[in-house]
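Chains as they are written, first to last, in numbering that gives the first Met the number 0: chain A, 0 to 297; chain B, 0 to 294; chain C, 0 to 454.
Bear in mind the hints are in silico, worked out from the structure with no lab data behind them. Being a predicted model, the structure only gives us computed values, none of them experimental. Ideal placement from N, C-alpha and C gives every residue a C-beta, glycine not left out. Be a bit skeptical, because a hint or two may be false.
Subject to a maximum C-alpha distance of 20 Å in a straight line, what follows is the list of computed SDA-like cross-link-like pairs (lysine to any residue) [stated by the list, open to error]:
(1) C:Lys44 with A:Leu261
(2) B:Lys7 with A:Met282
(3) B:Lys165 with B:Tyr188
(4) B:Lys22 with B:Thr169
(5) C:Lys44 with A:Asp260
(6) B:Lys154 with B:Tyr188
(7) B:Lys165 with B:Met135
(8) A:Lys75 with C:Asn126
(9) A:Lys293 with B:Asp124
(10) B:Lys285 with A:Gln230
(11) A:Lys48 with C:Lys130
(12) B:Lys285 with A:Tyr225
To spell it out: a stretch of chain C is covered by chain A in this simulated footprint if at least three of its residues, at any positions, have a beta carbon under 8 Å from a beta carbon of chain A; those stretches are [claimed, not checked]:
(13) 61–74
(14) 152–163
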Amino acid sequence: MPGRTPESRPEAKPAASQPQTKPAVKPSDVIVKEKVEVVQKEEKPVADKITIGELHLSGCTGCLVTLADNYEGLFKLLDDYADLVYALTLVDVRHVPEMDVCLVEGSCCLNDKISVEELKQARAKSKVVVAYGACAAYGNITRFARGGQWNQPGHEAYVPISEVIDVDLFLPSCPPCPQAIRNVAVMAYLLLKGNDEQKNLATAYLTPLMQLAQRGNEACGCDLMYDVINQGLCMGCGTCAGTCPVRAITMEYGKPNVNRDLCIKCGACYSQCPRSWFNFDVMNNYEGIMDAIKGAMQ
Amino acid sequence: MDVLGNYKSAISARSTDKDILKKSQDGGIITTLFAYALEEGIIDGAIVAGPSDEPWKPEPMVATTKDELLAAAGTRYTISPNLYLIKEATRSYGLDRVGIVGTPCQMQAVRKAQLYPIGMRDVDDKIALALGIYCMENLSYQALEAMVEDHCNQKMESVKKMDIGKGKFTVYTERGAVSQMPLKLIHKYVQPGCNVCLDYVANLADISSGSVGSPDGWSTVFVRSTKGNAVWDGAIAAGCFETKPMDQVKPGLDLVTKLATEKITKNQKNVDARKTMGLKADGTPKGLRNPYETP
Amino acid sequence: MSKVVEISPTTRHEGHSKLVLKVNDDGIIERGDWLSITPVRGVEKLAIGKTMEQVPKIASRVCGICPIAHTLAGVEAMEASIGCEVPEDAKLLRYILQCANRMHSHALHNILSLPDMYIPGTDVKINPFTKEEPVRSVGLRIQRLREIGQTIGEIVGGEAIHPSNPRVGGCYKNITPRAKAKIYDLAKEARVLTQEHMEFMVAVFRNYQNRDWSEVGGVQVPIPDDLGYHNQGYMATAPMYGSSSLDANPTWFPERFTEVRPWDWYMGEVEIDEADPNYPIGGTTPVGNKAWPQMEACTGVPLYDGQPVEVGPRARLVQFKNYDEKGAMGLQIARQMEFPETAYGIIDAVDALDTSGSVLADEIPQGDGTLGWAANEAPRGTDVHLARVKDGRVQYYGMLVPTTWNFPTCSRALTGAPWRLAEVIMRAYDPCVSCATHMLVIDEDKRLVAQKLIQ
Ligand SMILES: Cc1cc2nc3c(=O)[nH]c(=O)nc-3n(C[C@H](O)[C@H](O)[C@H](O)COP(=O)(O)OP(=O)(O)OC[C@H]3O[C@@H](n4cnc5c(N)ncnc54)[C@H](O)[C@@H]3O)c2cc1C
Ligand code: SF4
Ligand code: SF4
Ligand code: SF4
Ligand code: SF4
Numbered sequence: 000m001p002g003r004t005p006e007s008r009p010e011a012k013p014a015a016s017q018p019q020t021k022p023a024v025k026p027s028d029v030i031v032k033e034k035v036e037v038v039q040k041e042e043k044p045v046a047d048k049i050t051i052g053e054l055h056l057s058g059c060t061g062c063l064v065t066l067a068d069n070y071e072g073l074f075k076l077l078d079d080y081a082d083l084v085y086a087l088t089l090v091d092v093r094h095v096p097e098m099d100v101c102l103v104e105g106s107c108c109l110n111d112k113i114s115v116e117e118l119k120q121a122r123a124k125s126k127v128v129v130a131y132g133a134c135a136a137y138g139n140i141t142r143f144a145r146g147g148q149w150n151q152p153g154h155e156a157y158v159p160i161s162e163v164i165d166v167d168l169f170l171p172s173c174p175p176c177p178q179a180i181r182n183v184a185v186m187a188y189l190l191l192k193g194n195d196e197q198k199n200l201a202t203a204y205l206t207p208l209m210q211l212a213q214r215g216n217e218a219c220g221c222d223l224m225y226d227v228i229n230q231g232l233c234m235g236c237g238t239c240a241g242t243c244p245v246r247a248i249t250m251e252y253g254k255p256n257v258n259r260d261l262c263i264k265c266g267a268c269y270s271q272c273p274r275s276w277f278n279f280d281v282m283n284n285y286e287g288i289m290d291a292i293k294g295a296m297q
Numbered sequence: 000m001d002v003l004g005n006y007k008s009a010i011s012a013r014s015t016d017k018d019i020l021k022k023s024q025d026g027g028i029i030t031t032l033f034a035y036a037l038e039e040g041i042i043d044g045a046i047v048a049g050p051s052d053e054p055w056k057p058e059p060m061v062a063t064t065k066d067e068l069l070a071a072a073g074t075r076y077t078i079s080p081n082l083y084l085i086k087e088a089t090r091s092y093g094l095d096r097v098g099i100v101g102t103p104c105q106m107q108a109v110r111k112a113q114l115y116p117i118g119m120r121d122v123d124d125k126i127a128l129a130l131g132i133y134c135m136e137n138l139s140y141q142a143l144e145a146m147v148e149d150h151c152n153q154k155m156e157s158v159k160k161m162d163i164g165k166g167k168f169t170v171y172t173e174r175g176a177v178s179q180m181p182l183k184l185i186h187k188y189v190q191p192g193c194n195v196c197l198d199y200v201a202n203l204a205d206i207s208s209g210s211v212g213s214p215d216g217w218s219t220v221f222v223r224s225t226k227g228n229a230v231w232d233g234a235i236a237a238g239c240f241e242t243k244p245m246d247q248v249k250p251g252l253d254l255v256t257k258l259a260t261e262k263i264t265k266n267q268k269n270v271d272a273r274k275t276m277g278l279k280a281d282g283t284p285k286g287l288r289n290p291y292e293t294p
Numbered sequence: 000m001s002k003v004v005e006i007s008p009t010t011r012h013e014g015h016s017k018l019v020l021k022v023n024d025d026g027i028i029e030r031g032d033w034l035s036i037t038p039v040r041g042v043e044k045l046a047i048g049k050t051m052e053q054v055p056k057i058a059s060r061v062c063g064i065c066p067i068a069h070t071l072a073g074v075e076a077m078e079a080s081i082g083c084e085v086p087e088d089a090k091l092l093r094y095i096l097q098c099a100n101r102m103h104s105h106a107l108h109n110i111l112s113l114p115d116m117y118i119p120g121t122d123v124k125i126n127p128f129t130k131e132e133p134v135r136s137v138g139l140r141i142q143r144l145r146e147i148g149q150t151i152g153e154i155v156g157g158e159a160i161h162p163s164n165p166r167v168g169g170c171y172k173n174i175t176p177r178a179k180a181k182i183y184d185l186a187k188e189a190r191v192l193t194q195e196h197m198e199f200m201v202a203v204f205r206n207y208q209n210r211d212w213s214e215v216g217g218v219q220v221p222i223p224d225d226l227g228y229h230n231q232g233y234m235a236t237a238p239m240y241g242s243s244s245l246d247a248n249p250t251w252f253p254e255r256f257t258e259v260r261p262w263d264w265y266m267g268e269v270e271i272d273e274a275d276p277n278y279p280i281g282g283t284t285p286v287g288n289k290a291w292p293q294m295e296a297c298t299g300v301p302l303y304d305g306q307p308v309e310v311g312p313r314a315r316l317v318q319f320k321n322y323d324e325k326g327a328m329g330l331q332i333a334r335q336m337e338f339p340e341t342a343y344g345i346i347d348a349v350d351a352l353d354t355s356g357s358v359l360a361d362e363i364p365q366g367d368g369t370l371g372w373a374a375n376e377a378p379r380g381t382d383v384h385l386a387r388v389k390d391g392r393v394q395y396y397g398m399l400v401p402t403t404w405n406f407p408t409c410s411r412a413l414t415g416a417p418w419r420l421a422e423v424i425m426r427a428y429d430p431c432v433s434c435a436t437h438m439l440v441i442d443e444d445k446r447l448v449a450q451k452l453i454q
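Generate the whole structure from the sequences, applying the supplied hints.
Written out as structure tokens, the structure is:
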């Protein structure tokens, strides 16, 4: 049921990120004043866990391995915050169940009935759908697919999942990072089960990732040109080059140069760039939020 | 929170290490703190702006000794993409505790990489010390070249030190010459990305420092985070710095606040102007992308 | 009269596959077809025309569990085609990556196998995620072993999953002495853990071997002594690393390889006429549905010397260590026996590594279209990539990946087992199905592909 709005579904644009309506008059207006209250470890009061599942489509399972790469933290997440109710590789459940959060890994092959069907079921049965990893969000290497290979030469059309269903949140990169999915899982838990303060924090944190899902499902190193340098926003920090998982970016005289013959279209460089988005309301509280997440994982 | 960001204390300080003071830009705060942190095992190495093949063009490098830190001391008024190495430092370099120095925007990048580690696996808890340097604006290498060679009439390779202060850009050559150009001419050369920058004193660093507010050869230091506080206290206890209370130095914190306010106000205007820069068919304004609102 | 049961999708392995089983009145499998139903992303075809640098990066992404195998086989197939010799220290870095990947992958597979097994001396099946002891300590040890493997892979490979450091001609960067020391410490810790862990896991599988029955969906199923036996051959190229067409004495022989299409191998259309809604979890496919393995299978059927062969840990142990234990548990035990060498291999290679040595060839030829191949002993078995590179661009690319070899072999190993244990046999192969969707294919006359390629 795409488009429905469960009470707990995050709003597309929570207040914390509303653009300032009038230009700042004094410098202090520049910084969003609203302080996000940070949850303390002792306050982790919430009794019941959320349910999380992973739907594997045309991906490589690297995204799922990433989740498992929280090592000891995986047990902590599953002990205290989330029940893993679906993930063919890790648990025995065969068919898509109801769940709070569905992580979808891989793009969707339009020529494979099962993929399309399972993806729609995942949407209908989950409160929050996450495009987990570059394949689901942007197509990644499956953007290059063009069929013609035995034993299913007809498998040719691969699309990011948001071509087929509504997606609430993007978590790009190939693969995403264990710490990123950990943070999102903890925040999803606070969003769905927390008190008002915790909900506010989680909403503020998750907002940019939700906005990323609204931005579109095409990504490439070229985004650094189109949406950062061409827009007059690049300041040469080098984050994009440090981020790229295939070393496609070098810094030349302080600006990124993308080797497009290496880029796999994972979207990591752009979303990691501090000039793709930067939410002061969350970042100014980085210390508290990091401590809170650390506390939650202990 | 105001334009100076959260901080636990503001101090005027100068390194007690003569070797460092000879090479450093101002009070040698950054180099001294890293040297102390290396010694104490707080960091295994620090990402700094190292030398490259071209004069005054910095190349990010991982320094693991005091000698390497010294080779990278002093300010290069052009981009050093230090974040380029932040992941690699934890990989082939094998660092578990990474130090990094950078401009305010680079400190923002560090915090984003920690809070939203999208393509930055296993980096977040390895950032052991992030040191910020104040920054009004930065220049492309070619812009710096034009300023030094055209406006100041000096060869890049003959320059010993560059400095910005008291309304002037100054170059000192190896042979003792001093040339200057007024800062108001600099505007054309500033890299465009700096025009939307809303941070002057590296609000998100653990400790940030710059010359403004303190006397020549001294630095103004903001100790910001819990981590920064612990490192600063340790360094003071170890006798790394001479210090003076901020309210007893001239020109003092007021000047820092004034400059920060000017920068942020000006750049906030730029950010706002972008919202209405273009024109739609119906006559209403068409805006450019605003990174502070949406991706 | 035999009846048809379908288990779809199968669980606790990578990717999507299913089992179509003809069973007799006692529920014993007379013929089993195990096939991939994962969409074919077609990496071999999309590779054509791309640069030799990019293709291994794409090939890595067919599998996130053994990405190192695909990266290395991909890079080395390019090097084999262009005739590029790689510096010794780059080879050592790659060897470390290989060991690190096997350590993590085998440990991950333990999590997937354990739920079929029993805590020795009890009738309690193991839930690897439970907080209860003794399982939690085992779970933590598995995760620590994975952490060590992935961390070493990350230091040397740049990324823990999909390594970015290996490249055509060697590696981008050598590691520093500090990184070397760190790897050494981690591997020393792993040396102890792998030994302990191997002993524990072998005991668990032996315990299963000695049991009379296993409970599946409320039914007590007898465990036959010859669970998962087959009479197929084995194929392996090295105990740890692999071989390539640049070797003086290659250990894989393209001319011994042929392939048939699923049309000639798998069952035709069948109707499901037996089902068990209590089969965990979600039941088997309801009666009345149809299955058509011939049409649905997403891989071809590769043959070596004209027959399906087994690849993987047991194949390596049979070829190089005189191992002879058959069956599903024999394979599981062989896998555990590979654990210690992953740690020792890292220690030896890191000892030999010169951190100031160059890791990139001085000259990287751009290729003249010669066919080159590289075989890598992935955790699940021999992974052969073949390539032709001309002027830096890929003209032809083929991937003969481990699970593709194992599909037909395992299908034969199902015969004679109770159908409710079919997944237990399948899981012994540690299937990795997404990569298995990539496959060389012969021409219409079913002539030897390899011979044609080599001409
Ligand atoms: C572009 C730019 C603009 C600046 N603007 C101001 C200003 O308006 N007001 C003010 O008070 N201070 C400004 N500074 C900071 C000032 O110039 C000194 O860097 C600072 O006071 C530190 O001096 P120090 O003696 O403590 O550090 P040092 O011991 O000299 O160490 C400086 C460290 O910064 C690193 N570094 C040098 N250049 C760069 C670079 N381009 N990018 C990243 N890291 C670099 C060096 O590698 C070294 O580790 C600016 C610095 C830069 C790079
Ligand atoms: S995003 Fe990368 S890791 Fe995830 S499924 Fe796609 S290829 Fe694999
Ligand atoms: S340049 Fe690199 S990080 Fe950016 S989209 Fe391409 S592969 Fe991803
Ligand atoms: S991360 Fe963004 S701002 Fe930084 S160098 Fe890259 S494009 Fe420029
Ligand atoms: S002015 Fe801002 S954006 Fe420009 S270099 Fe300095 S901190 Fe970065």
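Is the Cα-Cα distance between Lys293 of chain A and Asp124 of chain B 20 Å or less?
10 Å, holds
Starting from Lys285 of chain B, check that the Cα of Tyr225 of chain A is at most 20 Å away, please.
Roughly 17 Å between the alpha carbons, so the hint for Lys285 of chain B and Tyr225 of chain A holds.
CA of Lys22 of chain B to CA of Thr169 of chain B, is that 20 Å or under?
Answer holds: Lys22 of chain B to Thr169 of chain B is near 17 Å, not above 20 Å.
When you check the alpha-carbon spacing of Lys165 of chain B and Met135 of chain B, does it fall within 20 Å?
13 Å, holds
Agreement of Lys285 of chain B and Gln230 of chain A with the hint, judged by alpha carbon distance not exceeding 20 Å
Answer holds: Lys285 of chain B to Gln230 of chain A is near 14 Å, not above 20 Å.
Holds or violated: are the alpha carbons of Lys44 of chain C and Leu261 of chain A at most 20 Å from each other?
Holds, at about 17 Å.
Take the C-alpha atoms of Lys48 of chain A and Lys130 of chain C, compute the straight-line distance between them, and say whether it is at most 20 Å.
16 Å, holds
Measure nothing beyond the straight line between the CA atoms of Lys7 of chain B and Met282 of chain A; if it is 20 Å or shorter, mark the hint as holding.
18 Å, holds
Establish whether the coverage given for the region 61–74 of chain C by chain A is satisfied; the threshold is a Cβ-Cβ distance below 8 Å, and no fewer than three residues must meet it.
holds (count 5)
Closer than 8 Å Cβ to Cβ for three or more residues is the test here. Does the region 152–163 of chain C pass it with chain A?
holds (count 6)
Straight-line Cα separation of Lys75 of chain A and Asn126 of chain C no greater than 20 Å?
Holds: Lys75 of chain A and Asn126 of chain C sit about 15 Å apart, inside 20 Å.
Please verify whether Lys44 of chain C and Asp260 of chain A have alpha carbons no more than 20 Å apart.
17 Å, holds
Hint violations for this structure: none, all hints satisfied.
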